[in-house]
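Peer 1: Residues per chain, in single letters:
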Amino acid sequence: MIVAESKPIKELLEMVKDFKKILVVGCKGCVTVCNVGGAKEVGILASSLRIHGRKEGRDVVVGEHTLERQCDPEYIDELEEIVGDYDAVISIACGVGPQFLSERYPEKKVFPGVNTKFMGGAVEHGVWAERCAGCGTCAIHLFGGLCPIARCSKSLLNGPCGGSSHGKCEISKDVDCIWDMIVNKMTEQGRLSELLEFRPPKSWTTARDGGPRKMIREELVK
Amino acid sequence: MSELKAGSNLEKVLRAGHFAFTGECGPPQGANVEHLIEKGNHLKGVVDAVNVTDNQTAVVRMSSWAASLILLEHGIEPNFQMVCRDRNRLAIQSDILGAYSMGLRNMLCLSGDHQSFGNHPESKNVYDIDSMQLIHTVKTMRDEGKFLNGSDVDVAPKFFIGAASNPFAEPFDFRVYRLAKKIDAGADFVQTQCIYNMDKFREFMKRAVDMGLHEKCYILAGVTPMKSVGMALYMSKQVPGMDVPESLIKRLRGAGKGKVAEEGIKFALEQIEEFKEMEGVAGVHLMAIEWEHKVPEIAERAGVLPRPVV
Ligand code: SF4
Ligand code: SF4
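Top line first, the protein sequences correspond to chains S and H.
All letters in the first sequence, in the order written, are residues 124 to 345 by my numbering.
All letters in the second sequence, in the order written, are residues 731 to 1040 by my numbering.
The hints are simulated quantities; they were obtained by calculation from the structure and are not laboratory data.
These figures come from a predicted structure and were not determined experimentally.
Beta carbons: idealized from backbone N, C-alpha and C, even for Gly.
It is possible that some hints are incorrect.
Listed below are the simulated BS3-like cross-link pairs for lysine-lysine, each with C-alpha atoms no more than 30 Å apart in a straight line [claimed, not checked]:
#1 S/Lys291 x H/Lys936
#2 S/Lys325 x H/Lys911
#3 H/Lys854 x S/Lys337
#4 H/Lys854 x S/Lys291
#5 S/Lys291 x H/Lys911
#6 S/Lys325 x H/Lys854
#7 H/Lys854 x S/Lys240
#8 H/Lys957 x S/Lys296
#9 S/Lys296 x H/Lys911
#10 H/Lys888 x S/Lys325
#11 S/Lys291 x H/Lys957
#12 H/Lys980 x S/Lys296
#13 H/Lys869 x S/Lys325
#14 H/Lys854 x S/Lys133
#15 H/Lys930 x S/Lys291
#16 H/Lys854 x S/Lys296
#17 S/Lys308 x H/Lys911
#18 H/Lys967 x S/Lys296
#19 H/Lys936 x S/Lys308
#20 H/Lys967 x S/Lys291
#21 S/Lys133 x S/Lys231
Stretches of chain H that chain S covers, calculated by requiring three or more beta carbons in the stretch to come under 8 Å of a beta carbon on chain S [stated by the list, open to error]:
#22 853-866
#23 905-911
Pulled out of the complex, with its shape left as it was, chain S reads as follows:
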């Protein structure tokens, strides 16, 4: 899933301080699962905005709405009827959501309510970790099913570097060295010889480095 975290409330209040009618839009996708952008969080943010407005002596009207997905025009249409009543829209979906909303409702001022962090998953309750950097040409089978591009601080394809220590990455004791895991796993699986093979420089053309990406599935295009 795409993992995000809420923006500090102070930052959000500053962003929308000039608006009296604000619509908070959530998403039932990834951000609901990582507890930052679902119906519940829409409710919490909306209340905060109202309370703050009252404290400031301003009458702020805050609407709440949570879409099935914000990354799908089909669901965004749902806002057609209500969005007209508001001056500002805060989307608490990942970075895709507010952009889709801006594109669909060009006259509205749209604000991002979360900081989108990475593609990953829950490793324990309340803890999410990065797993994929979307490089566009997956090769984790060469590394014991573990991704050195997203999970090695230097994206080394021929690791581990000289800073790997006690299973941790040189950048912090809180970061696992993925190369330590790769070596251990490949050794356990009796595949050490595969790690001795030289991995040539990767083509980053399929990654963000190749420019903004687009995918076209001809058979689905109407």
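Fit chain H with the ligands to the given chain S structure using the hints.
Peer 2: Chain H with the ligands in isolation, oriented as in the chain S frame:
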């Protein structure tokens, strides 16, 4: 004798079978050319080549190629270091050409410390290619006259290719394989991380010799004399991949006030004596960090002077 790969002094010394002795010099955090030359002069005639670091510990300094050239102009052979952190493959290959064209002949290929260590932690890291791929790139440009994209290089840069090896990082068992991989990728010589845990290093070298790695590549043992107990503690606790045994810290502590630095040098000298005899070790790389003026004395006491003229 087969043809030299680059013809650097370091290569010739090693090729002639001498026990090599290399030093290190960090470029200034500014354009202080005078200070750089002063540091370099301490090493002149005392070592076979001087490593010139490339934004070491991710702190901005005068570029390694420029500092290398300044040393070269003053009659000191540089070992030009390059890290993969700050350049993509275009910049890497063009710097290789530029450095060679200006007369540099040794090049050490490194991944580089992550920028979070340094004084610009906000920067974007590049890591377009890694150190293994960098070694291979320099070799391919040199021996095949090809760029990474396969097109021809118009006059190939001939570098004596260096790599680093850290026997003390983990997983230990993999370290000697990684060294083998660097040699296969094209490393002509290797300089190790500072060695303090001699038992572990002996074991590492035994494995390297068993695999015949010392016959394919010159292995230089890394030595950094400890200046103080504080330095030893810092190295043991704060520097990832550094292995400082408790026994050494005890020994330094036991030296008594005002005598710790001398004890540190004594330990380094004992190490150098052992390396001279150790199978597979072709020389010593002395990293006397901000202690360049001590290098002549250490070299003298280690019995490695005068340096061979080849
Ligand atoms: S190799 Fe690329 S696509 Fe596969 S997990 Fe890593 S970043 Fe994602
Ligand atoms: S310590 Fe491990 S994860 Fe960190 S940069 Fe080095 S190889 Fe990558």
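Peer 1: If any of the earlier hints don't hold here, list their numbers in rising order.
Peer 2: none
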